[in-house]
Amino acid sequence: MAYLAPSEFVTKMVDAGEAKIYMSTRDTVIRAYMAGAILALAAVFAVTVAVQTGMFILGAILFPVGFCMLYLMGFDLLTGVFMLTPLALLDKRPGVTPKQILRNWGLVFLGNFAGALTVAFMMSFIFTYGYNTDGGAIAEKVAKIGESRTLGYAAYGFDGWLTIFIRGMLCNWMVSMGVVGAMVSTTVGGKVIAMWMPIMLFFFMGFEHSVVNMFLFPFGLIMGGDFSVMDYFIWNEIPTALGNLVGGLAFTGLTLYTTHVRTAKKRTIA
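Residue numbering for the sequence shown follows this note's numbering, beginning at 1053 and increasing consecutively.
Read the hints as simulated data drawn from the structure, not as lab findings.
For each residue, glycine too, the CB sits at the ideal point set by N, CA and C.
Keep in mind that the hints are not guaranteed to be accurate.
Said to hold, decoys possible - If you anchor each label on the Cβ, the simulated ranges turn out as follows:
no., residue 1, residue 2, range
1, M1174, V1313, 23 to 31 Å
2, P1146, G1182, 50 to 58 Å
3, Y1074, A1206, 36 to 44 Å
4, T1180, Y1055, 40 to 48 Å
5, M1075, I1178, 27 to 35 Å
6, F1210, N1184, 39 to 47 Å
7, F1285, G1241, 37 to 45 Å
8, G1126, F1285, 28 to 36 Å
9, F1108, R1319, 45 to 53 Å
10, I1113, D1211, 27 to 35 Å
11, T1180, T1307, 41 to 49 Å
12, G1241, A1206, 38 to 46 Å
Said to hold, decoys possible - Dumping the calculated DSS-like pairs for lysine-lysine here, alpha-carbon to alpha-carbon at most 27 Å:
no., residue 1, residue 2
13, K1064, K1318
14, K1317, K1064
15, K1064, K1144
16, K1317, K1144
17, K1064, K1151
Throw the hints in and build the complete structure from the sequences for me.
What follows is the structure in structure tokens.
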């Protein structure tokens, strides 16, 4: 599978972070838009499989197809740039500044959201035959997910908000491992296997992914979910995105960079 050593693929991570900073606005938005749209399709695919079979584990096993597709095509998720771009700053790459990182994050957020929202409207139209029916069991399921993962958290106040934040951290710990997985091999098969494992884990465990939620919650609202746009942002998207940022950077980006690029001095043994 042409496995790369950690010292090699971590350097690729830093290079990728730098490249995203220098990417044009047009290309950044297009790649982010496509990533959000493809991940949204994967999410509705996984929910459809889970509802129709009654086996959530099967939906989790199949969900990573979307993640693999978008990264093989070179598209970008907010969760990925959260982890990669700060490494270029730590490595003191020319032109990489906090302002440029925030610019990249903002453009990727907008692109991801637009792509996910496009699929939300397209799928809602399909499920309801042009908004002439109720959307069936799948639409009802997503609406209930939207309610439970906004108002359900809100019922616990700050503890609920912190729960989402921690779920967001755990999510991007795994998702960023998937991003790295795309770099550990030079073959398509090796990349897919490395990406598949952590993505399946995060989805089955119900961790919170900011881009997946950009589809699930607008779709749930369109399908009649009993929660508001403000409920979605305050009680899910904001804490999820913050958790994604901290988890991906702290658990994956910084740990790999610290121990494989800025390694400590070797011990001297008498």
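Within 39 to 47 Å: is that where the Cβ-Cβ distance between F1210 and N1184 falls?
42 Å Cβ-Cβ, so the 39 to 47 Å window holds.
Taken at face value, is the distance from the CA of K1318 to the CA of K1064 at most 27 Å?
24 Å, holds
Given a hint of 50 to 58 Å, does the C-beta separation of P1146 and G1182 actually sit inside it?
Given a distance of about 53 Å, which is inside 50 to 58 Å, the answer is holds.
Can you tell me whether the CB distance of M1075 to I1178 sits inside 27 to 35 Å?
With Cβ atoms ~33 Å apart, the hint holds.
Cβ separation of T1180 and Y1055, checked against the hinted range 40 to 48 Å
47 Å, holds
Does K1144 lie within 27 Å of K1064 when you go C-alpha to C-alpha?
15 Å, holds
How does the Cβ-Cβ distance of Y1074 and A1206 compare with 36 to 44 Å: does it lie in that range?
Distance hint for Y1074, A1206 holds at roughly 41 Å.
Given the hint of 45 to 53 Å, is the C-beta distance from F1108 to R1319 inside that range or not?
47 Å, holds
Lying within 38 to 46 Å: is that true of the beta-carbon distance G1241 to A1206?
Hint holds: Cβ distance 44 Å, inside 38 to 46 Å.
Range agreement (Cβ of G1241 with Cβ of F1285, hint 37 to 45 Å):
39 Å, holds
So does I1113 sit 27 to 35 Å from D1211, Cβ to Cβ?
32 Å, holds
Against the 27 Å threshold, does the CA-CA distance of K1064 and K1151 hold or violate the hint?
22 Å, holds
Figure legend: structure checked against the earlier numbered hints; the only hint not met is number 1.
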